[in-house]
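Peer 1: Residue-level listing of the chains:
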Amino acid sequence: MPVKFLWVLCLCTCALVAQNNAPRRDPASPLSDEERAVHILSRLTWGARPADQAALKSLGLTAWIDAQFAADASVDAALAKDLARFKTLGRTFIEINAAASPTDQQQRNRLRQQASTELKQVVVLRALHSERQLFEVLADFWRNHFNVDVNKESVALTATHYEEAALRPNIFGKFADMLSATAHHPAMLVYLDNALSRRAPPRSELRMIERRVRRQTGSEQAAREQVEIARQSGLNENYARELMELHTLGVDNGYTQKDVTEVARAFTGWSVDFDAKEGSGFSFKQDMHDTEPKVVFGKGLQEGRREEGLTEGEAVLKRLCAHENTAEFIAKKLTRWFVNDNPPAAIVAAGKDAFRNTKGDLRAVVKAIVTHPDFYSREHFMAKFKTPFEFVVSALRVTDATVVDANAVTEAVSNLGLRIYNMEDPTGWAETAEAWRDPGVMALRWRFALALARGTLRGVVIAPAFYASLPADPMELGNTLAQRIVPQGLGPATAGVIERLVLQRVSTGKAADSAGRDALAKDLVGVLLGSPEFQQQ
Amino acid sequence: MKNKHHCNHDRRNFLAASAGIMLAGPLLGGLGGFPTLFAEPRAGLAPNATAELPALVVIYLRGGADPLNIIVPYSDKAYAMVRPQIGIQTETTADEAGIVVLDNKYGMHPAMSALKPFWDSKQFAPILGTGSPHPTRSHFDAQDFMEYAAPGDRLVKNGWLNRFLRDTAAQNATPLRALAMQGLLPRSLRGKQPVLAVPQLRRNDSEGLLDLFDDVYRNGGIMEEAGAMETGGEARGREEAVEVGRHTIETLRHFWDVIEKEPPGGQDDTLYGRDALSQRLRMISRVIRNNAGLQVAALDYGGWDMHQGEGSVDGSMQRNLKELCDAIAAFAKDLGPALARTQVMVMTEFGRTVAENGNRGTDHGRGSCMLLLGGGVEGGKVHGDYGSLETKNLEDGRDLRVSIDFRQVFAEVLKGTFSFDAPKDFFPLFTPNTKNWLGLMKSTVKPAKKG
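Just so you know, the protein sequences line up as chains A and B, in that order.
Just so you know, the first sequence maps onto residues 174 to 710 in my numbering.
Just so you know, the second sequence maps onto residues 305 to 755 in my numbering.
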């Protein structure tokens with residue numbers, strides 16, 4: 174090995190390390206302009222395509238953010254045209270089911286399957302291709318906040334209308350409107366069992382059950398359990414509880430078990446009727462409704478006038494939206510989503526104020542959070558661990574990958590543990606790191622990264638043009654890819670592996686021709702997508 | 305991180321040496337052209353358990369398996385009446401296999417014949433009439449209630465097996481004490497105690513993957529050495545990702561080391577079919593026989609919600625049951641002497657309608673059955689019964705009654721496998737009857753009264 178060649182290699186190594194290593198800065202130092210751009214793209218988009226970086230640069234940070242808040246559906250006309258191939262998109266239960274004969278069970282099962290797979294595909298295609306990236310990031314926030322599960326009973330046939338009619342129109346609208354739309358929607362009513370909730374059996378009947386079971390079993394415990402079960406067989410508190418715990422106030426945050434029961438009684442009769450000729454399937458059933466007076470948060474629901482039936486539930490929703498704890502809970506959760514797993518108090522306070530001042534205008538709340546000066550604190554920079562959905566979609570976006578079959582994307586995400594629209598728990602999928610930084614699953618992320626880079630993933634390809642546009646020089650190739658995929662800069666371990674990979678190929682003559690460079694580029698992309706840096710945003 | 309400085313030192317020496325390796329230009333093998341870069345002797349996790357621990361393997365049949373076509377009440381005249389198309393016939397004829405007779409009332413579906421030897425050796429027993437006091441017929445709720453072992457209580461969010469791990473944590477700290485042989489943990493194993501969810505990766509295909517990322521997932525010692533101060537979200541997040549990556553590499557390698565080690569005694573891998581269930585049980589057998597500290601393993605087996613096409617001996621029931629029972633039989637044979645300390649428990653969320661529906665299937669019901677196989681099982685007898693299939697005897701006129709609370713079964717199996725006494729509130733609102741065990745396990749059988 175000639176000494177001169179060694180020297181050249183050594184110089185190259187130094188260059189790589191210098192360019193790719195993360196700058197070491199004082200934790201108190203402000204983010205540079207470049208870092209601010211990286212930060213905003215990492216949080217307000219599903220991953221920065223090369224075009225996004227360029228757009229942000231030409232518009233400037235503030236104008237780019239404003240444009241994201243201002244963009245309406247018209248910017249996605251091409252995408253909407255593409256999505257028109259999904260025949261069930263946005264349809265109601267009744268519209269979808271009209272295509273099946275009522276007696277053909279297999280045909281009905283196929284429709285269920287079609288409706289839920291199409292919905293999942295639409296979710297990933299929008300995240301991938303929409304120009305309204307902030308809107309789509311928020312869509313995912315709300316679909317987890319107001320989680321429903323397509324595996325539960327009829328939800329497969331109602332979720333697509335739920336997404337289109339209950340969630341999306343209100344993403345930049347009023348919180349109260351979104352809450353009300355979900356409360357009235359068959360997807361939510363079935364998912365959280367409110368559709369079954371009816372007046373509880375009278376106390377006398379419960380006492381009889383208790384006596385009978387105690388006599389039969391001699392067990393006080395068994396008697397109590399059976400009474401509890403009988404009580405639930407009428408009144409179902411599932412929705413009432415989650416409405417307060419997960420949708421508005423936050424867990425144990427300003428309501429009692431008594432409130433849960435009273436709210437559940439207010440919502441009795443909010444049910445579904447899928448035999449109707451039209452409509453979403455929502456139906457208020459007076460005969461299931463508990464007509465006795467109710468007291469919620471220490472205040473009667475009737476308030477001196479005779480509210481009954483539907484209006485009682487609506488009055489509850491109104492009270493919840495006006496509750497200070499709801500403003501705080503929503504602001505905190507959005508801050509956790511956009512800023513940090515440990516939401517900083519100052520930003521939460523700004524979001525909460527915006528919520529209260531605008532009566533829950535969600536555009537104003539989100540804006541208060543992402544334009545807060547502390548948003549750019551170094552403490553939050555690249556501090557969030559990507560969920561499987563964020564990891565997969567950002568990998569596809571930074572590599573400008575072409576999705577031939579969107580099912581391949583939903584499968585890839587689900588292999589990593591997140592099944593879109595298929596979370597059984599009403600909490601929705603967690604956004605925080607501890608839910609996803611599981612040993613075992615990391616290996617699957619690496620496998621995905623390599624398969625995508627190499628083109629062995631079914632249904633998804635990185636276009637040859639992506640590789641063709643890269644510099645021919647192996648060193649520059651490494652630098653360019655590192656900057657594109659990990660724009661915040663590499664940590665020392667990853668930088669070391671990247672540079673050794675390049676040097677090894679150069680020194681063995683493996684990077685001399687275009688086939689060799691192509692292979693090297695793919696390997697570099699795989700390592701970068703699997704790196705710890707790329708798991709963060 | 306006491307040894308951090310030491311590690312950095314090694315790392316620096318290693319980096320210095322690595323230039324030589326590169327320039328010598330060896331083309332190291334790896335994952336389809338990925339060089340296995342600079343493999344260092346790896347630390348790995350010391351397998352610190354060598355004792356022969358008792359183990360419980362739980363197989364969950366998702367979807368509500370049909371009890372009446374698993375353990376067939378052939379002596380009940382009503383059976384053939386309510387199941388004109390999908391009933392299993394008693395006698396084997398030239399056209400169609402009949403039941404495998406167990407006793408004078410019950411027989412098994414013919415697809416279960418692989419379990420017959422374990423019935424004969426008194427290591428296999430079905431339990432009939434099992435279920436939940438909660439009448440839900442929703443998969444979602446019934447599975448939740450069963451796996452959290454808390455019917456009707458939606459606030460309990462840790463699995464019953466995780467609670468067992470919690471209560472016995474002091475006695476076992478090995479990395480493989482609990483395994484889920486699937487990417488996501490079943491609810492029964494969810495909770496604070498760590499459980500390894502084994503991703504579906506073969507070592508042959510994946511060792512290169514781990515080797516490659518072994519170098520990427522190293523903590524950033526170089527920076528500290530350079531005296532750079534680096535905190536803030538970015539470095540901290542990266543270090544945390546690195547930590548879990550390292551843990552992944554080490555635990556998976558440890559798991560693979562364990563399942564590749566030829567266990568003492570034992571039988572032979574060729575016993576198993578190629579299906580996923582068999583292959584997952586094969587791995588569990590190796591972890592058990594190599595004494596790697598396993599206490600609990602859980603597997604899901606889906607596809608039992610047979611609203612149509614369940615069939616008698618020609619439908620999805622036949623297919624699923626054969627795969628299930630062949631796999632369990634292979635596992636039990638393969639365990640050899642280790643079967644003495646191992647139990648397999650098969651469960652499902654609810655039974656199905658007694659009468660067949662119009663689609664050669666059955667709909668969601670109530671009372672069900674469970675299967676137990678293992679060295680500690682009081683086998684060779686049918687525990688519990690279905691009761692009469694006459695309509696007037698059924699719950700809501702259509703479903704088997706629940707006569708055995710599934711929590712009683714859980715408690716007895718924990719008792720009989722681990723000598724574990726469930727503490728108060730282990731099962732919320734339920735105290736197992738320890739004075740009158742059902743006698744499902746050898747150790748819970750009442751001693752015979754002395755004449």
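In case anyone wonders, no lab produced these hints; they're calculated from the structure.
Warning: the hint list may mix true and false statements.
Unchecked claim - Covered stretches of chain B (chain A as the covering partner; in silico rule of three or more C-beta atoms under 8 Å from a C-beta of chain A):
| no. | segment |
| --- | --- |
| 1 | 429-443 |
| 2 | 516-522 |
| 3 | 546-557 |
| 4 | 618-628 |
| 5 | 727-739 |
As the list claims (entries may be wrong) - Computed from the model, here is a short list of chain B residues facing chain A with C-beta under 7 Å:
| no. | residue |
| --- | --- |
| 6 | L505 |
| 7 | G537 |
| 8 | A659 |
Keep in mind that this is a model prediction, so the values were computed, not measured.
Cβ coordinates follow ideal geometry from the N, Cα and C atoms, glycine included.
Peer 1: All the hints need checking, so say for each whether the structure fits it.
Peer 2: Hint check results:
For the segment 429-443 of chain B, the assignment as covered by chain A holds, since 5 residues bring a beta-carbon within under 8 Å of that chain's beta-carbons and 3 suffice. Coverage of the segment 516-522 of chain B by chain A holds in this model, with 6 residues showing a Cβ closer than 8 Å to a Cβ of that chain against a need of three. As drawn, the segment 546-557 of chain B meets chain A at 8 residues by the rule of a beta-carbon pair under 8 Å; at three or more, the given contact holds. Counting residues of the segment 618-628 of chain B whose CB lies closer than 8 Å to any CB of chain A gives 0, so the stated coverage by that chain is violated, three being the minimum.
Coverage of the segment 727-739 of chain B by chain A holds. Counting CB-CB distances below 8 Å, 3 residues qualify, and the rule asks for three or more. For L505 (chain B), the interface hint holds, the least distance from its beta-carbon to any beta-carbon of chain A being 6 Å, beneath 7 Å. Proximity of G537 (chain B) to chain A holds as hinted, the smallest CB-CB distance being about 3 Å (cut-off 7 Å). For the restraint placing A659 (chain B) at the interface with chain A, the shortest Cβ-Cβ distance is roughly 17 Å, beyond the 7 Å limit, so the hint is violated.
Going through the hint list in order, the structure does not satisfy hints 4, 8.
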